[in-house]
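**Q** One-letter residues, chain by chain:
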Amino acid sequence: MLRGTLPEPTPSTAWFWEAAARGELHVQACDACDGRHFPPRPFCPSCGSRDVTALRCSGRATLHSYVINHMVPKDGDGPYAVAVVRLEEGPMMMTNIVDCPQTPEALMLDMALEVVFDRVSDTITLPKFRPAGAAASGEAA
Amino acid sequence: MTRPLASIVGAAETTRLGVLPDMSELDLHADAALNALADCGLTPADIDGIATAGENPAMLAQYLGITPTWVDATNIGGCSFMTHVAHAAAAIQARLCRTVLITHGESGRSRVGNVPWTVPAHSLMGQFELGYTPTMAATLFTIPALRYMKTFGVTEEDLARVTVVQRQWAGFHPRAFRRDPVTIDQVLTSRMIAWPFRILMCCLVTDGGGALIVTSPERAADFPTRPVDVIGTGESVEHLMITEMKEYTASRAFKVAGDAAFASAGIARADVDHLMIYDAFAHVPLYGLEALGFVKPGEAAGFIADGHTAPGGRLPMNTNGGGINYMHSGMYGMYALQEAVRQMRGTAPAGAQVQDAKISVVQGVGGMFGTAGTVVLARR
Ligand SMILES: [Zn+2]
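Protein sequence lines, in the order shown, are assigned to chains A and B. Residue 169 in the numbering used here sits at position 137 of the first sequence; the count goes up by one each step and never skips. Residue 1411 in the numbering used here sits at position 365 of the second sequence; the count goes up by one each step and never skips.
I should point out that these hints are in silico values taken from the structure, not numbers from a laboratory. Cβ coordinates follow ideal geometry from the N, Cα and C atoms, glycine included. Accuracy of the hints is not assured; some may be wrong.
[Claimed, not checked] Keeping only pairs whose Cα atoms sit at most 20 Å apart, straight-line, the calculated EDC-like set for lysine to aspartate or glutamate is:
(1) 1292/B - 120/A
(2) 1292/B - 137/A
(3) 1196/B - 142/A
(4) 1196/B - 137/A
(5) 1342/B - 1290/B
[Claimed, not checked] Where chain B lies over chain A, by a calculated footprint (3+ residues, C-beta under 8 Å):
(6) 38-48
(7) 79-93
(8) 124-136
(9) 146-158
[Said to hold, decoys possible] If you want a taste of the chain A side facing chain B, the calculated C-beta under 10 Å gives, among others:
(10) 70
(11) 71
(12) 73
(13) 96
(14) 97
(15) 98
(16) 114
(17) 115
(18) 116
(19) 120
(20) 141
Isolated chain A (complex conformation) (with noise of 0.2 Å):
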């Protein structure tokens, strides 16, 4: 798979990065009005209290919508899906799609999804989303 531009992560959303290299996904809660969100930020967009906490996902989730990229170098890997998933918890959030072809065939809307955990570099970890109870087989077929 390529490898986009690597996250640099800012105070406000340093805690995430760290609990995904831990292997864990995260959204934000907010205990005021029940708001779920992502990205991260130290208050809640639906009501403005700054009264959020992190909330551990499932790490299941659909895959809502994607495009697949053929804009690729010639000597590179074939096109991939960039994909947005609505996650169990309610949030979205973007992705590729992995252990399974990159094809319309496929990548069905609505299909069922679970994280993993795609370590980049020391400090970043990529969430990533494959077919539930898809073998793993590491990288995208």
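Start from chain A and add chain B with the ligand according to the hints.
**A** Frame of chain A; chain B with the ligand shown alone:
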């Protein structure tokens, strides 16, 4: 219809459009500005308000020799110029200035002296999107489309038809980049960019610019050109990251901006004779037709298939061919405004000119569905 908010008395694009490796981005701004000034018989000394996006307005003021009393650097992507028209009208009414120059110039294809769009790795986009290797607009703006297509039963043929119909309009425009007729089959066999989007469903990457001169409705009659009245405006922003778009089947920013523009103009959808919807990609006019209330959710593809937006149809749309065919330097909004002005002046090329068109709505988008600006223009 309400009293005009302002009037456009000068309008012009750059002397040439397309592939211009001999011109810097700043020179494209200046070329468009000088053409618009000449259009209405002014010189830079007559300008006391300046607005632009992409370029720093201070650099543009220095380059053109303008010392304005009002400046607007709003940059919310390709619809920035719609917001400049709205802000200029408000500034003129507030007597902050009398004569506003709005410019756009972009070396989108040749990349000469251009200001690159960068996404820092510590920004939210940098942290939560770039790691998944999107290739900017073509793989971000397009992401909601599959959800829209599944929800409403819209097909790849429907996306292709947007290009096919707009190419009919482009054929009338000598300056359009892609003019030859095209079939649905040709669109569907063109090079794959990001499935389901083929290259002929994507906007062009070209060089060019455009400029407008805006003044008060009262002064407009003093100019040699036929004034085009600004009778309504609206704007909104929703997000910068496509994952934060609330609904993938409809644009909230389009709806908020569009509703505000129709309300301020005091017109109904049925009053609209001509429509421009910023078509960064083929799905965007579908979202636009629905958000603006011309059709119900899910009906836009059928509306286009029935010929209503095509030459001879009852709602001529994107009559320059759109960003997919006419030109698209990266921030297309200015070119949509230029075509609407031509239509309201009655100076569009033969075949493309909509007969007796009195009201035009111009819908702009910026970012990836994230921002919107709407301008309602009227023939005087
Ligand atoms: Zn809250």
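**Q** Evaluate each hint against the coordinates.
**A** How the hints compare with the structure:
Annotation: proposed proximity of residue 1292/B to residue 120/A holds, straight-line Cα distance about 16 Å (limit 20 Å). For the hint pairing residue 1292/B with residue 137/A, the CA-to-CA distance comes to about 27 Å; that exceeds 20 Å, so the pair is violated. Among the hinted pairs, residue 1196/B with residue 142/A is consistent with the structure: their alpha-carbon atoms are about 10 Å apart, no more than 20 Å. For the suggested pair residue 1196/B and residue 137/A, the alpha carbons sit about 14 Å apart, so the restraint of at most 20 Å is met.
Between residue 1342/B and residue 1290/B, the direct Cα distance comes to roughly 24 Å. Violation of the 20 Å bound is thereby established for this hinted pair. Chain B is given as covering the segment 38-48 of chain A, and this holds because 6 residues of the stretch bring a CB closer than 8 Å to a CB of that chain, at least three being needed. Taking a C-beta to C-beta cut-off of 8 Å, the segment 79-93 of chain A contributes 0 residues in contact with chain B, too few for the three needed, and the coverage statement is violated. Look at the segment 124-136 of chain A against chain B: 6 of its residues bring a Cβ nearer than 8 Å to a Cβ of that chain, three or more, so the hint holds.
With 3 residues carrying a beta carbon less than 8 Å from a beta carbon of chain B, the segment 146-158 of chain A meets the three-residue requirement, and the given coverage holds. Taking 10 Å as the C-beta cut-off, the interface hint given for residue 70/A holds, the closest approach to chain B being about 8 Å. Contact between residue 71/A and chain B, as hinted, is supported at the beta carbon level, the nearest pair being about 5 Å apart and thus within 10 Å. Satisfaction of the interface hint for residue 73/A is found here, the shortest Cβ-Cβ separation to chain B being roughly 8 Å, below the 10 Å cut-off.
Here the hint on residue 96/A is kept, as its CB sits about 6 Å from the closest CB of chain B, short of 10 Å. A least Cβ separation of about 4 Å between residue 97/A and chain B falls short of the 10 Å threshold, and the interface hint therefore holds. This hint holds: residue 98/A has a C-beta 6 Å from the nearest C-beta of chain B, less than the 10 Å allowed. With a least beta-carbon distance of about 5 Å to chain B, the hint placing residue 114/A at the interface is held under the 10 Å criterion.
Below 10 Å, beta-carbon pairs count as interface contacts, and residue 115/A has one with chain B at about 8 Å; its hint therefore holds. Given hint, residue 116/A at the interface with chain B, holds; its Cβ is 6 Å from that chain's nearest Cβ, closer than 10 Å. This hint is violated: residue 120/A has a C-beta 16 Å from the nearest C-beta of chain B, more than the 10 Å allowed. Interface restraint check for residue 141/A: the shortest CB-CB distance to chain B comes to about 5 Å, inside 10 Å, so the restraint holds.
When held up to the earlier numbered hints, the structure conflicts with 2, 5, 7 and 19 and fits the remainder.
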